[in-house]
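Modelling step: build the complete structure from the supplied sequences, incorporating the hints.
Residue strings, one per chain:
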Amino acid sequence: MTAALRFDPIRLPPVCEELRKEVRAFLAEEIAVGTFDPHKPQREDSDAPEFSRRVGARGWLGMTWPKQYGGHERTFLERYVVTEEMRVANAPTRRFFVADRQSGPVLLKYAPEHIKMDILPRICRGELCFAIGMSEPNSGSDLFAAKTKATKTDGGYLINGAKIWTTSAHMADYMIAIFRTSPPTKENRRHGLTQFLVDMKSPGIKVNPIGQITGQHEFNEVVFTDAFVPDDHLLGEIDGAWKQATSELAYERSGPERFLETYYVLTELVRALGPEPDTRGAEGIGRLVAQLHTMRRMSVSVAGMLQAGKEPVVEASIVKDIGTIWEQQLPHRVRELSAFVDGEASNHATLDELTAFATKLAPKLTIQGGTTEVLRGIIARGLGLR
Amino acid sequence: MTETDNIVVETAEKIFADLADAQSINSDKQGSWKAPLWQALSESGLPLSWVPEDCDGSGASLAEGFAVLNAAGRAGLAAPLAETMLAGWLLAQAKIASPEGAMTIAPVHPKDRITLGVDGTLTGRARGVPFAQDAQFIAVLAHSKEIVVVALVEAAACRIEHGIGLGGDPSDTVTFDGVTPLTFAVAPQGFDQTALLLMGAVARSLQIAGALETLLEISVGYANERVAFEKKIAKFQAVQHNLAKLAGETSAALAAATSAADTLANATSFDDAVMLEAAAAKIRCAEAAERGAAIAHQVHGAIGFTAEHILHRYSLRALGWRDDFGNESHWAVALGRMVAARGADDLWPLVASR
Numbered sequence: 036m037t038a039a040l041r042f043d044p045i046r047l048p049p050v051c052e053e054l055r056k057e058v059r060a061f062l063a064e065e066i067a068v069g070t071f072d073p074h075k076p077q078r079e080d081s082d083a084p085e086f087s088r089r090v091g092a093r094g095w096l097g098m099t100w101p102k103q104y105g106g107h108e109r110t111f112l113e114r115y116v117v118t119e120e121m122r123v124a125n126a127p128t129r130r131f132f133v134a135d136r137q138s139g140p141v142l143l144k145y146a147p148e149h150i151k152m153d154i155l156p157r158i159c160r161g162e163l164c165f166a167i168g169m170s171e172p173n174s175g176s177d178l179f180a181a182k183t184k185a186t187k188t189d190g191g192y193l194i195n196g197a198k199i200w201t202t203s204a205h206m207a208d209y210m211i212a213i214f215r216t217s218p219p220t221k222e223n224r225r226h227g228l229t230q231f232l233v234d235m236k237s238p239g240i241k242v243n244p245i246g247q248i249t250g251q252h253e254f255n256e257v258v259f260t261d262a263f264v265p266d267d268h269l270l271g272e273i274d275g276a277w278k279q280a281t282s283e284l285a286y287e288r289s290g291p292e293r294f295l296e297t298y299y300v301l302t303e304l305v306r307a308l309g310p311e312p313d314t315r316g317a318e319g320i321g322r323l324v325a326q327l328h329t330m331r332r333m334s335v336s337v338a339g340m341l342q343a344g345k346e347p348v349v350e351a352s353i354v355k356d357i358g359t360i361w362e363q364q365l366p367h368r369v370r371e372l373s374a375f376v377d378g379e380a381s382n383h384a385t386l387d388e389l390t391a392f393a394t395k396l397a398p399k400l401t402i403q404g405g406t407t408e409v410l411r412g413i414i415a416r417g418l419g420l421r
Numbered sequence: 037m038t039e040t041d042n043i044v045v046e047t048a049e050k051i052f053a054d055l056a057d058a059q060s061i062n063s064d065k066q067g068s069w070k071a072p073l074w075q076a077l078s079e080s081g082l083p084l085s086w087v088p089e090d091c092d093g094s095g096a097s098l099a100e101g102f103a104v105l106n107a108a109g110r111a112g113l114a115a116p117l118a119e120t121m122l123a124g125w126l127l128a129q130a131k132i133a134s135p136e137g138a139m140t141i142a143p144v145h146p147k148d149r150i151t152l153g154v155d156g157t158l159t160g161r162a163r164g165v166p167f168a169q170d171a172q173f174i175a176v177l178a179h180s181k182e183i184v185v186v187a188l189v190e191a192a193a194c195r196i197e198h199g200i201g202l203g204g205d206p207s208d209t210v211t212f213d214g215v216t217p218l219t220f221a222v223a224p225q226g227f228d229q230t231a232l233l234l235m236g237a238v239a240r241s242l243q244i245a246g247a248l249e250t251l252l253e254i255s256v257g258y259a260n261e262r263v264a265f266e267k268k269i270a271k272f273q274a275v276q277h278n279l280a281k282l283a284g285e286t287s288a289a290l291a292a293a294t295s296a297a298d299t300l301a302n303a304t305s306f307d308d309a310v311m312l313e314a315a316a317a318k319i320r321c322a323e324a325a326e327r328g329a330a331i332a333h334q335v336h337g338a339i340g341f342t343a344e345h346i347l348h349r350y351s352l353r354a355l356g357w358r359d360d361f362g363n364e365s366h367w368a369v370a371l372g373r374m375v376a377a378r379g380a381d382d383l384w385p386l387v388a389s390r
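As they're listed, the protein sequences go chains A and B.
Counting in this note's numbering, the first sequence runs from 36 upward without gaps.
Counting in this note's numbering, the second sequence runs from 37 upward without gaps.
It is possible that part of the hints are untrue.
What the hints assert, rightly or not - Footprint (simulated), chain B over chain A, 3 or more residues, beta carbon under 8 Å:
1. 39 to 46
2. 317 to 331
To be verified - Here are some of the chain A residues that sit facing chain B, going by a computed Cβ distance under 8 Å:
3. L193
4. P312
5. S336
6. L418
Derived by calculation from the structure, the hints in this document are not laboratory data.
No experiment lies behind these values; they were computed from the predicted model shown.
Virtual Cβ for every residue (Gly too), placed ideally from N, Cα, C.
As structure tokens, then:
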């Protein structure tokens, strides 16, 4: 077989189920005191900084990291449970999620010791928000085309150019970004990009908000004008960021956040159809639940492989491809099935409102974090086709 | 499938490779491969994998048996192995020892119902019974008023109208017209027709997933050989993306089927968790078969449409297996009703309990 696909039927161990209960109890308390409304995924959350700190205080940030950096040395499967419970509850995780999932692990691997000791414990306490600087105007998924330059100067680098589609840059304390330190070579288009840790409070950084069709504001354009980054903020190898950036992708691409972003419309559909739906409504729910269950089993399976120290790059890309297409189609399927909802259903208005919101949100799901086309290229390479 | 140094699966794979090579079978119009294959399978004890040793079986675990079925799907096996295994399993539920020889099982369709009368004879009709014309015995699940019984019947005692299923294997109508079983016994508490269908659905899911694995393998292989427009078609992005989608569907089928098999292998009753896993597996594997078979044929172009090519041995079986033991619509309605009855706020806890 060219590429034997593996999806072992991993079950979450009992420690995860205990943890799940704790997370649910915590979220129920937060909902009770009004920190967030689980039926309002579209809300901008002003309480989020305090919520982040409380999540950190519970030990649910940096869960898999070494204790010396404030981490908790728990498993990926435990982290998995926390992530999915937060996502399903529509908890305001935006402020800490990127740091916890991606930025922290990058720092752990590539940052100098004193930076790790300074920053990682603060991430674990829920005090820091991170952004990721990858795409640029006119580059998008084509990261080779990134032009924003880091030019060597005394004691560091001067950054000039712009990043775009940068989630949370408007509230971020730090950004981990790739900048061009050399031109690509003829032999290697991937050469010449370097990863840096950027303090967003540095002079010369301007964040311009980008409005979205959902009415929300997550994305930004970030413009750098002679912004200074000190030498010790360089992460990993000069000109070698491409490999660094791609080796982390299995973590970014297979998690529960890749199929649960519009999950709330399914719950509301089940509620609206009631305990005894007609045949068409029942069939619709059954199919969607079967698809959701299957994706989750695939995602848990990849988490299990990551925990076992494997590198399931193809499997993780498949989970993101199928997962994001599913969560993208979900509001459309729910809309079709809402034809069979009784006009008197008590949550009719909520269902309509959430379906409309999820429909507006849906287009971005197969774009962010690696487009469908890029993912299929990675899968094709894994199959030995290129 | 799970990493296995499993001797049972290795034995099965060796027999399939030696005696059920798809190319040889496809070119053998006389069917002379059938007898040696079945003889080897019988001698290996594989058909009675799920029959305990005290019921004259091989006593393999449910997990091992499911892995064998996945391998049988990869081989596109055209012999009543799954059917005999399921029949042996059904008989064992009621502590009935399995006889020697090929068996099949009835009913296979959720709407079919067979009854055991007070005179001890079976009445009813079962459609789409796989390999009934090749079987010596049929394991029957029947109802006697409110009681569920399992019966062992000689195939020769039934009226069997021959039919051919989508995959080219026998799919017959079996009529029980006052048939006296060789033996029957009451099924254990909680065991009913739905339990039989759930078990059958998981068996077929593993076979479908296996067939998809092979469809992916031979499609990737073909794309890397076939030259069109002066390059290997594997180099065209549209073909690459189609094969990436096929890999996705194969993965989904494998994940759903192996998860359901793992659940059944560890279950103590046919509860909601088994319903979720087995129904989801059959639904998702059927969807994967539909999408996956279409892509595999698209990649092969016209050559894959010919009777000479082995592609259809896998694509048509995967599509045909969708209909046995409840198709995706049947299970979607059943699963949807279960989810609805439990209520919206219980959906996530149910899914996340797995």
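To see whether the hints hold, each was checked on the structure:
no. : hint       : in the structure
1   : 39 to 46   : holds (count 6)
2   : 317 to 331 : holds (count 14)
3   : L193       : violated, 39 Å
4   : P312       : holds, 5 Å
5   : S336       : holds, 6 Å
6   : L418       : holds, 5 Å
Checked against the numbered hints above, the structure violates only hint 3.
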